[in-house]
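Trainee: Chains A and B, in that order, give the protein sequences.
Counting from 1, one number per residue, gives the positions in the first sequence under this note's numbering.
Counting from 1001, one number per residue, gives the positions in the second sequence under this note's numbering.
Just so you know, the hints here were simulated from the structure itself, not pulled from any lab data.
Any given hint might turn out to be false.
To be verified - Cross-link-like lysine to any residue pairs, in silico, SDA-like; alpha carbons within 20 Å at most:
#1 K135(A) with G1035(B)
#2 K433(A) with R1041(B)
#3 K263(A) with R1038(B)
#4 K120(A) with L220(A)
#5 K307(A) with T332(A)
#6 K1026(B) with K120(A)
#7 K1026(B) with T332(A)
#8 K63(A) with S1032(B)
#9 K360(A) with R1034(B)
To be verified - What the simulated footprint calls covered on chain B by chain A, stretch by stretch (three residues with Cβ under 8 Å from a Cβ of chain A suffice, anywhere in the stretch; the number is not a length):
#10 1025 to 1038
#11 1042 to 1052
What you are looking at is a predicted structure, and each value in this text was computed from that prediction instead of being measured.
In this text, a Cβ means the ideal position worked out from N, Cα and C, and glycines have one as well.
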Amino acid sequence: MAEVGDDSDEVQWCFSQVKGAIDEDVAEGFGPICKGVCLQRDADVISTVEFNHCGELLATGDKGGRVVIFQQEPESKNRPQCRGEYNVYSTFQSHEPEFDYLKSLEIEEKINKIRWLPQKNAAHFLLSTNDKTIKLWKISERDKRPEGYNLKEDDGQYRDPNTVTALRVPIFRPMDLMVEASPRRVFANAHTYHVNSISVNSDCETYLSSDDLRINLWHLEITDRSFNIVDIKPANMEDLSEIITASEFHPNQCNTFVYSSSKGAIRLCDMRASALCDNHAKLFEESEDPNNRSFFSDIISSISDIKFSHSGRYMMTRDYLSIKIWDLNMETRPIETYQVHEYLRSKLCSLYENDCIFDKFECCWNGNDSVVMTGSYNNFFRMFERGYRQDVTLEASRENSMPQSVLRPRKVSSGGKRKKDEISVDSLDFNKKILHTAWHPLDNVIAVATTNNLYIFQDKIN
Amino acid sequence: MSDTSTETTMEVNAEARRILAVSISKLYASRSQRGGLRLHRSLLLSLVMRSARDIYHSSAPPAEPMDTSPEEPVELDLESGPQSDETPAELSSTAGGGAHQEAEEEEGEPAEDKENQSPTRRSRKRRGRMSVAPHFLPSKRARLEPGEERHASPLLPPPPPASCRMGPPETLTTLSMNWVIPAC
């Protein structure tokens, strides 16, 4: 594939912002003089990133169960060509650690997924989930407050009734903007196994949640029951060979959803066919190349993420080494396959030992489905431009964090001669992994999460 | 010629054993993970273990004296562990089922005096992080499966030097794995 940069019309990505604590290794360079430097906290590890439907809001969830929402500032009149920055809009604790007394198991508060609901009024709604419980949050603004109560003062203190001599009508007065997040629904006790996905239906009334073996259909208004629509639990658990890894509703067809499996298969189901969708309508599976068969083939073929294109015509799956684009009309093989980091194929044994082979990378489409993006190691992330068959590797690091500095493409040398500016496979830092990325639905703005930092990049505006 | 192929077979055998050891230690470590056993991860581990076991059997040198599988006490302890969650019990029985079969067919270490040593004399030297049977596990076995005999206590061989980091040709990752039984 040709490298990006050959064509002068290509998008050039620039650093915009970075959120989060400074990494520990950067701090060491400054010694004790540097104030306010936080060491990496496990609770701050970002576990999900999601733009809302208009791209104005960007939500992140972390291992500590917190959700942080950033809002894009409106374009400044002074600099009309420059996009607004994302600043913190709301922070709240979505999930707390819990304990399942029956099974003597701790339930992690880590936020596995966040999904925004389409906006219907001034308030914003999102679904957030940990391993067991899904919550619907309402994020609303308050910029007025009532003043002039009869029975209490403005600060809340109750007035002595004897001092009340006249009646007045309270009126609303402006106040400093306050953003409130309140849990409106809690959908609990429906999953025996760990929830891996949630997806809002295009009907905006229902959503699905999936765990390792089952998929449930919920109504957003009803919390005390859900419908089980897929159940792949075998009668004898010793026969277990395949589990559900991700699922998503079709963006336009409210009756259609897909789920991916640990064996690399994708099943498309039609809820009109029957109440229980154990029998798929379509099965997307590519036959394995026998030459590539290895000891760890089963692990690397497990699909870690699945995403429909915005058009609904295609879907993308991410397994450990590649991205595959599928046409919903063709089940036999993907129409495009992109190698994310093929140089790791010979290192699978080491990656198994250090657990990296179990990393679950996500993937995303750009707004017009022409480019796909996913993360890799060493804080690298990859973009694949579908039409031109071009790809680029970029790095999210504080070293490239001068405002508006253009990111230069990176290259990994897989052996033999290493050219200048290339990095060898053995020098890659496998602790620096980018698992979560998101693309603004309408614009060339991307959010890339390293371990506990969130980078925002945008395309260069001339 | 035959020496080379024997060498390769032994390397593959050693690699399979090493992978088995790594897998079991991972499976065991995941019990104490926050959030409980992850079904996906446990399934993948058990698939790797099954493949390693199959390769180990198919590439093991012939006419070796029988010996207990080193994984056996770990698997049985998983089954008899305190957790009442169906997931670890069922999964450990999946892996344990495989380990039980392996115990009956398991072939011991090649040409080591250790098999003749007293069972209480375990090698205390551990190279690397791999530890097949954590020493802090109680040594009593939960039960014997029908048809299973009680064998000598497991004695661990010193792990072979790590051979796969730089990707030499004869590793499990690059060998053609036609004979690996797909897990299904």
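Trainee: All hints, please: hold or fail.
Mentor: Now for the hints, and whether the structure bears them out:
| no. | hint | result |
| --- | --- | --- |
| 1 | K135(A) with G1035(B) | holds, 19 Å |
| 2 | K433(A) with R1041(B) | holds, 19 Å |
| 3 | K263(A) with R1038(B) | holds, 16 Å |
| 4 | K120(A) with L220(A) | holds, 14 Å |
| 5 | K307(A) with T332(A) | holds, 18 Å |
| 6 | K1026(B) with K120(A) | violated, 47 Å |
| 7 | K1026(B) with T332(A) | violated, 35 Å |
| 8 | K63(A) with S1032(B) | holds, 18 Å |
| 9 | K360(A) with R1034(B) | holds, 18 Å |
| 10 | 1025 to 1038 | holds (count 5) |
| 11 | 1042 to 1052 | holds (count 6) |
In summary, the numbered hints that this structure violates are 6 and 7.
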